[in-house]
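K.L.:
In case you want the letters, here they are:
Number of protein chains: 2
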Amino acid sequence: MSSQGKFKKDKEIIADYEAQVKEIRTQLVEQFKCLEQQSESRLQLLQDLQEFFRRKAEIELEYSRSLEKLAERFSSKIRSSREHQFKKDQHLLSPVNCWYLVLTQTRRESRDHATLNDIFMNNVIVRLSQISEDVIRLFKKSKEIGLQMHEELLKVTNELYTVMKTYHMYHAESISAESKLKEAEKQEEKQFNKSGDISVNLLRHEDRPQRRSSVKKIEKMKEKRQAKYSENKLKCTKARNDYLLNLAATNAAVSKYYIHDVSDLIDCCDLGFHASLARTFRTYLSAEYNLETSRHEGLDIIENAVDNLDARSDKHTIMDMCNQVFCPPLKFEFQPHMGDEVCQVSAQQPVQTELLMRYHQLQSRLATLKIENEEVRKTLDATMQTLQDMLTVEDFDVSDAFQHSRSTESVKSAASETYMSKINIAKRRANQQETEMFYFTKFKEYLNGSNLITKLQAKHDLLKQTLGEGERAECGTTRPPCLPPKPQKMRRPRPLSVYNHKLFNGNMETFIKVLADSKGNPAQHSQRINRSPRLPFFSTFLVAVFPRG
Amino acid sequence: MSSQGKFKKDKEIIADYEAQVKEIRTQLVEQFKCLEQQSESRLQLLQDLQEFFRRKAEIELEYSRSLEKLAERFSSKIRSSREHQFKKDQHLLSPVNCWYLVLTQTRRESRDHATLNDIFMNNVIVRLSQISEDVIRLFKKSKEIGLQMHEELLKVTNELYTVMKTYHMYHAESISAESKLKEAEKQEEKQFNKSGDISVNLLRHEDRPQRRSSVKKIEKMKEKRQAKYSENKLKCTKARNDYLLNLAATNAAVSKYYIHDVSDLIDCCDLGFHASLARTFRTYLSAEYNLETSRHEGLDIIENAVDNLDARSDKHTIMDMCNQVFCPPLKFEFQPHMGDEVCQVSAQQPVQTELLMRYHQLQSRLATLKIENEEVRKTLDATMQTLQDMLTVEDFDVSDAFQHSRSTESVKSAASETYMSKINIAKRRANQQETEMFYFTKFKEYLNGSNLITKLQAKHDLLKQTLGEGERAECGTTRPPCLPPKPQKMRRPRPLSVYNHKLFNGNMETFIKVLADSKGNPAQHSQRINRSPRLPFFSTFLVAVFPRG
Chain A
1 MSSQGKFKKD
11 KEIIADYEAQ
21 VKEIRTQLVE
31 QFKCLEQQSE
41 SRLQLLQDLQ
51 EFFRRKAEIE
61 LEYSRSLEKL
71 AERFSSKIRS
81 SREHQFKKDQ
91 HLLSPVNCWY
101 LVLTQTRRES
111 RDHATLNDIF
121 MNNVIVRLSQ
131 ISEDVIRLFK
141 KSKEIGLQMH
151 EELLKVTNEL
161 YTVMKTYHMY
171 HAESISAESK
181 LKEAEKQEEK
191 QFNKSGDISV
201 NLLRHEDRPQ
211 RRSSVKKIEK
221 MKEKRQAKYS
231 ENKLKCTKAR
241 NDYLLNLAAT
251 NAAVSKYYIH
261 DVSDLIDCCD
271 LGFHASLART
281 FRTYLSAEYN
291 LETSRHEGLD
301 IIENAVDNLD
311 ARSDKHTIMD
321 MCNQVFCPPL
331 KFEFQPHMGD
341 EVCQVSAQQP
351 VQTELLMRYH
361 QLQSRLATLK
371 IENEEVRKTL
381 DATMQTLQDM
391 LTVEDFDVSD
401 AFQHSRSTES
411 VKSAASETYM
421 SKINIAKRRA
431 NQQETEMFYF
441 TKFKEYLNGS
451 NLITKLQAKH
461 DLLKQTLGEG
471 ERAECGTTRP
481 PCLPPKPQKM
491 RRPRPLSVYN
501 HKLFNGNMET
511 FIKVLADSKG
521 NPAQHSQRIN
531 RSPRLPFFST
541 FLVAVFPRG
Chain B
1 MSSQGKFKKD
11 KEIIADYEAQ
21 VKEIRTQLVE
31 QFKCLEQQSE
41 SRLQLLQDLQ
51 EFFRRKAEIE
61 LEYSRSLEKL
71 AERFSSKIRS
81 SREHQFKKDQ
91 HLLSPVNCWY
101 LVLTQTRRES
111 RDHATLNDIF
121 MNNVIVRLSQ
131 ISEDVIRLFK
141 KSKEIGLQMH
151 EELLKVTNEL
161 YTVMKTYHMY
171 HAESISAESK
181 LKEAEKQEEK
191 QFNKSGDISV
201 NLLRHEDRPQ
211 RRSSVKKIEK
221 MKEKRQAKYS
231 ENKLKCTKAR
241 NDYLLNLAAT
251 NAAVSKYYIH
261 DVSDLIDCCD
271 LGFHASLART
281 FRTYLSAEYN
291 LETSRHEGLD
301 IIENAVDNLD
311 ARSDKHTIMD
321 MCNQVFCPPL
331 KFEFQPHMGD
341 EVCQVSAQQP
351 VQTELLMRYH
361 QLQSRLATLK
371 IENEEVRKTL
381 DATMQTLQDM
391 LTVEDFDVSD
401 AFQHSRSTES
411 VKSAASETYM
421 SKINIAKRRA
431 NQQETEMFYF
441 TKFKEYLNGS
451 NLITKLQAKH
461 DLLKQTLGEG
471 ERAECGTTRP
481 PCLPPKPQKM
491 RRPRPLSVYN
501 HKLFNGNMET
511 FIKVLADSKG
521 NPAQHSQRIN
531 RSPRLPFFST
541 FLVAVFPRG
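Protein chains in written order, with my numbering: chain A, 1 to 549; chain B, 1 to 549.
Treat the hints loosely; a few may be bogus.
[Stated by the list, open to error] With a Cα cut of at most 30 Å, we get these calculated DSS-like pairs of lysine-lysine:
| hint | chain 1 | residue 1 | chain 2 | residue 2 |
| --- | --- | --- | --- | --- |
| 1 | B | LYS22 | B | LYS140 |
| 2 | B | LYS186 | A | LYS140 |
| 3 | A | LYS182 | A | LYS143 |
| 4 | B | LYS33 | B | LYS186 |
| 5 | A | LYS33 | B | LYS442 |
| 6 | A | LYS143 | B | LYS22 |
| 7 | B | LYS9 | B | LYS140 |
| 8 | A | LYS331 | B | LYS378 |
| 9 | A | LYS143 | B | LYS378 |
Honestly, the hints are just simulated from the structure, not real lab data.
Note that this is a predicted model, so its numbers are computed, not measured.
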């Protein structure tokens, strides 16, 4: 008992215990606060998201309406202009087709953004408000369960407090019984020592009966105190055991709460929050992805139309639209004068020699002209190739302007400078127009040359045919006949249908045949086809059928 | 000459010819008109496109600004709320991360649409105006060339007219010379017949010299007329030959013009138009496709964040953010009273029998409770599974709302009805809340059961340990020792660092070890882990380390 000073006093133990329980209680309150704050944050987030999507929906609708108005403005213009006959067939031309598809795409984008508005307003926002309801309801229910958990914890700690106090009480009693027992034992010992003195001082005989009863008394007291001590010690042992068992139970319960139950409590608050929010975001994403897919499909249609931008086919279409204007006229026929029965070049003497001379002159003149014109044509081809290279330069990729990750801001200037800097444009255009000018100069030169060649060739061919016949005629008789042996039949005039049917319309083969008959046999592809890879179909076809001289 | 009535008169031939030439001239004029109209149509188209892109650029800018304003509104709110300590770490939570990414995407879209505006204004429109210049310039130049072609044609037809007139003249002279010759021949014949009469009437001899000079005269005239006729006939033949050769040349020139030159003329007008327009459209398409790619990248980032919406990790984050609040408290330690040296359950007689009985009672009670609680757990698991199925139903696909091609209009109603019809929502939600209610009821039941089991198990385990030691102690001595052989060491208190370090922060292994030491060895994964596949990580981890009773 000398070390009593080292032991905690009862009051200290109780105070420590109460402090420990108070700390736990404080934590429990803070835990609720934390969960409440979390729920409030979620509600705030959900409210922000609702506000965001409400406003985004409005923006989408504004955008949709602007696009619709824009498309309608031009569509109505097109509708009114269609009343003019000339404009009616314009949509057959490939650039106009692209333009109409751009308008179609604008309407499609308008519709898609309206759909976005609809999905945001009637789906995403509805989901978000439902999640808000869920958060409130689940927090309420979870708090209910949390309170139950907390009550349980407090009940357990209260029980621990009670059994601890009981242990203290019984232990105190046990100590007191022990000290009383020890006191009795001391007295007994004292008495025992006195007995020793008695055997020494046997003289005082009259004291003996007094002493015997005193020893008995002391022994009785000691026995009583021993019994009391044992009883108290057992009570104390049981109380300690109870305290220790409750301690284990309390620690297990507290541990379970902190390790499992708090986590479960948070799970209760969370129940479905992430899943529902994910579905909401996925609805938003689905809408945006679908908008994108739709946009992409529309753009692909336009791109296809741009791939099909075709000057050749457009030329064909224009000539078809104005077929009366572009259809070759009837040939000039030989008109015999006053029943002149000769309708051919006559190559009998005396004109034969002269014609023959003329024929040879034509032949050599043509050879020279063709060589000269071929040179011009080569220059023309090269110039056209240069022009084509300029005109088809792939300068339309603007992806640099959309590189966010790399250089987030100042996108504008980049887009403008790289692709359309004024100096580059001016340079390019000056160069292009110079080449163009040269092309036209050379084209005129070529045109003049080929015009002359065409006429001389026609004369040359006719003379060749005539002289060939004349030579054969000479074999029969030396005398030049005044009249040809028999007047040749007039060439049949080309069928009038050429005038009236639309170019290629329905029966292209017939048309080719008619044209071919009026000129000669279809010949090999002229070299001119190679002049320009973009030479339109119609002219290619004609050149194929009627090669140039 | 009897059939002279059948022949065309000169005037008729001339009139026919002039009509034919006039028709060609009309066609040439019409061809110019057609090309001019075509150029005008192109200019109109280019003007429309410019207007369209100017307005579209405006719309894109408005849209961009609206989006920017929208994003900024919430971003500034976030910035200001970050000043609060609690809100500061909110961005670590997965739903908040999604929300921030939605805002980032909004800013990205804003930037992209601003870029679209820039490209339309500073690239597409500039290109279009350049093409307009080109169309005007090329039409001018082409018309110049066309006029040259037309002049050439008129020159050729004029030449033909001249040679035809010459042929007519010489043929007329030839006819006249022929008729004069025939007249002379007639006279000669008449004279010859007269000579026959002379030989019959030789009597009139005095007439002879007169007749002879007359015959001579006639013969001379006939010869003269014969010469004249031959001369004229040759002239006529030459003129006819010239006419025929020029006819061939003219027809060849006309044919060349209609078949090649007109086509070339249109090519001149077209020069580069389709290519330049295609590049312009491709610039527009490149911008739109790049916008789309950028959008898509942004959406993918959001989708990734949505995939990573994770209640478990968020719970971990929240507990980490409030680590003071969620950290398990110190264990309640045994407080020995007044230097009580016994700090363990004592199981010596006379309490041994009683403790043993209590141990067996606990054992059988626990067995029953565990079976009962396991049943509750199974119901709980099944209910959670049902809830999970409801909460993760894939109801977010809105692609039907974007099916233009199939059902162009009335998209709105479709989107609203299919996904978010009010009846379906109400039904689904009622069902969900009912299941939720049932889940909470069962959860409370389970919680009560497990709380009781935890406490009883702790007592049971302590008794088992004590009695086990007691039994072993009994082997040594039958006499229950008043004091245990040697006071057991107090368990060392858990290090204070558990309070102060952040949960898992930095040194998770140490933390696990500390927790494990305070409870016992880490045990097998409890079955409860399987209860919910979405059980958060933190609780899973704890459950793994500290299995429930």
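K.L.:
LYS33/B and LYS186/B: Cα distance at most 30 Å?
P.N.:
It is violated: about 63 Å lies between the C-alpha atoms, which goes past 30 Å.
K.L.:
Within 30 Å, alpha carbon to alpha carbon, are LYS182/A and LYS143/A?
P.N.:
Answer violated: LYS182/A to LYS143/A is near 57 Å, above 30 Å.
K.L.:
Taking 30 Å as the top limit, are the C-alpha atoms of LYS33/A and LYS442/B close enough?
P.N.:
The hint holds at about 25 Å.
K.L.:
Given the hinted pair LYS22/B and LYS140/B, is their alpha-carbon gap at most 30 Å?
P.N.:
holds (25 Å)
K.L.:
Given the hinted pair LYS186/B and LYS140/A, is their Cα-Cα distance within 30 Å?
P.N.:
violated (142 Å)
K.L.:
Check the hint pairing LYS331/A with LYS378/B against an upper bound of 30 Å on the C-alpha distance.
P.N.:
This hinted pair is violated, its Cα atoms lying about 102 Å apart.
K.L.:
So if I understand the rule, the pair passes when the alpha-carbon distance is 30 Å or less; does LYS143/A with LYS378/B pass?
P.N.:
With a Cα-Cα distance of about 24 Å, the restraint between LYS143/A and LYS378/B holds, given a limit of 30 Å.
K.L.:
Does the alpha-carbon distance linking LYS143/A and LYS22/B stay inside the 30 Å limit?
P.N.:
violated (102 Å)
K.L.:
Given the hinted pair LYS9/B and LYS140/B, is their alpha-carbon gap at most 30 Å?
P.N.:
violated (44 Å)
Of the hints listed earlier, those the structure fails to meet are numbers 2, 3, 4, 6, 7, 8, in rising order.
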